[in-house]
Amino acid sequence: MYSILKRVIFFVFLIGLWELLFRLGIWPEYVLPSPVSVCKTLARGFQDQSLLIGVAISMKRIAIGYGISIGMGIFVGLLIGRFRIFEETLGSLISGLQTLPTICWLPLSLLWFGLNDRAIIFLVFMGAVLSIATGTDSGVKNVPPLYIRAAKTMGAKKWKLYLEVIIPAALPHIIIGMKQGWSFAWRSLMAGELLIVCLGLGHLLMIGRELNDMSQVIAVMLVIIMIGILVDRLFFMKIERHIRERWGLIKG
Amino acid sequence: MSESVGVDNLIALDRVKDDSVLAASQVNSVRQNLCIQHVSKSFQSKNGSVYVLEDINLEIKQGEFVCLVGPSGCGKTTLMNIVAGLEKADSGEVWANGRKVNYAGPDRVVIFQEAALFPWLNVIKNVEFGLKLKGVSSRERRDIALEYLKMVHLTRFQNAHVHELSGGMKQRVAIARALAMNPEMLLMDEPFSALDAQTRWILHFELQNIWMKTKKTILFVTHNIREAVCLADRIFILSTSPGRIKKEFFVDLPRPRDDNDVSVAEYSTKIMKELKAEIDKVVKCEMDADSCVECDIKCTTVEPAKTDIGGGI
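Chains as they are written, first to last, in the numbering used here: chain G, 136 to 387; chain Z, 65 to 377.
If you're looking for bench data, these hints aren't it; they were derived computationally from the structure. All values derive from a computational prediction rather than experimental measurement. We treat Cβ as the ideally placed atom computed from N, Cα and C, and that holds for glycine. One thing to keep in mind: the hints can contain errors.
Which bits of chain Z does chain G cover? Going by a derived footprint, with three or more residues having C-beta under 8 Å, they are [unchecked claim]:
1) 193-206
2) 223-231
3) 301-308
Just chain G, same shape as in the assembly (with noise of 0.2 Å):
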């Protein structure tokens, strides 16, 4: 609880200061509009629910995006983690596209999507593949070779080798790589929506830009940072502290 009561004396602390700099006049309110302002805008944009659809477009495209991302890094993870030949080949690929920032993806995505959803949900596909293949690798080196022997003894093979054991003893290292794959897609997301017009919260960042809305633009940006938040403590938090319980790494 104290925590929290610090938390949130520093945030209304920052709020204040905020005003105050508002209230001095030192800059015109299109370049530092006040906090009162921002919340408006961020209630009216509620109301005429043009927020409310521009994230229902971008997670529209970050759950298509990340969710093929999933799949596929998972896949080409377990290919890498099992077999020296895919490791040799695939996995060098992989290591040198992951020093490529994804947004470099996007005149690419452009020539082959063209100017549309498809364009921008391969960015995000890009942006959180890669992380999730190294992450999947990296958790099925470090399965305890016991634990794979145990399993053929009782007669794991195959497919059924992987579904239930491989996967689930790899599963710590693979939802770290997918968090960082989520917060990369994210980044690609907010980043391709600002080029491509096409709705969603990164355009509507663009649009306040455009009107000289300061007070929008720090709307869509909190919406941004809070929705990151939010998966991060909704879902990522609670499963790592899941896992950490199971494996008694925490008191649970």
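Starting from the known structure of chain G, fit chain Z onto it as the hints suggest.
Same frame as chain G, now just chain Z:
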């Protein structure tokens, strides 16, 4: 069970004489649960091939409790892995339950030194694991799992996480998990050697009771002679470097036996004498590797032709 228990009815057979008999024995006999024929295994090291097992022959009958005893490094675990199908022999064949062993399979479940329970499953799900692979319905496998958890006295912990169990409890879950699959035989690879003496003592009782109830064939690997005498019908002593079956002992004591029984102790002493020579050999090799060449016994497992270790050999 024999009434007169003592050192006198300890029967030791010289394996060397027996080998030819074994080789000629019938493979397809129904009562023969496990048949190991001329199994040899070597590993490549930088000094050449190291023979771990050399021409192992043994047969185990249905429902027999057999212990393999030998000093560390004699290849008992390797032999176990070959029987389990986790490793391949260089030559020779293993027949289990009338089939030639090529792969690991659920008719020969292994219980390892570490329990190898899966941390992502709770206790009862661990016991159900093999049944799930077999495709048993969830209702039925829960019933079976509960039955075997009851046998190892752990129903109270059915929903516990694996890390909440003690070492002995984990091994009991592993035993329940293996039994739940209703295998033809259990392969136990030093399952109690990481446990403390008291826990081991309890588990010796428990395992004997389970064996008497289920009459499974058990092949049990250990370096602890007292443990072997306490558990087994038959004990094979393996020699080191290369691993060969040196002697066979029959233990004919009433069950359940206790580690601390006088008769168990007397048996152990007798067998210990056999093993002493082997242990001395290991000690000589491990304590002073350089003078190894001078050992009259070939403790170096290196093939002389492939290496140049001087004129000692």
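Taking the hints in turn, this is what the structure says about them:
Given a C-beta distance limit of less than 8 Å, the hint that chain G covers the region 193-206 of chain Z holds, as 5 residues qualify and 3 suffice. Only residues whose beta carbon comes within less than 8 Å of a beta carbon in chain G count, and the region 223-231 of chain Z has 4; three or more means the coverage holds. For the region 301-308 of chain Z, the stated coverage by chain G is violated: 0 residues have a C-beta nearer than 8 Å to a C-beta of that chain, whereas at least 3 were required.
Taken one by one, the earlier hints fail for this structure only at number 3.
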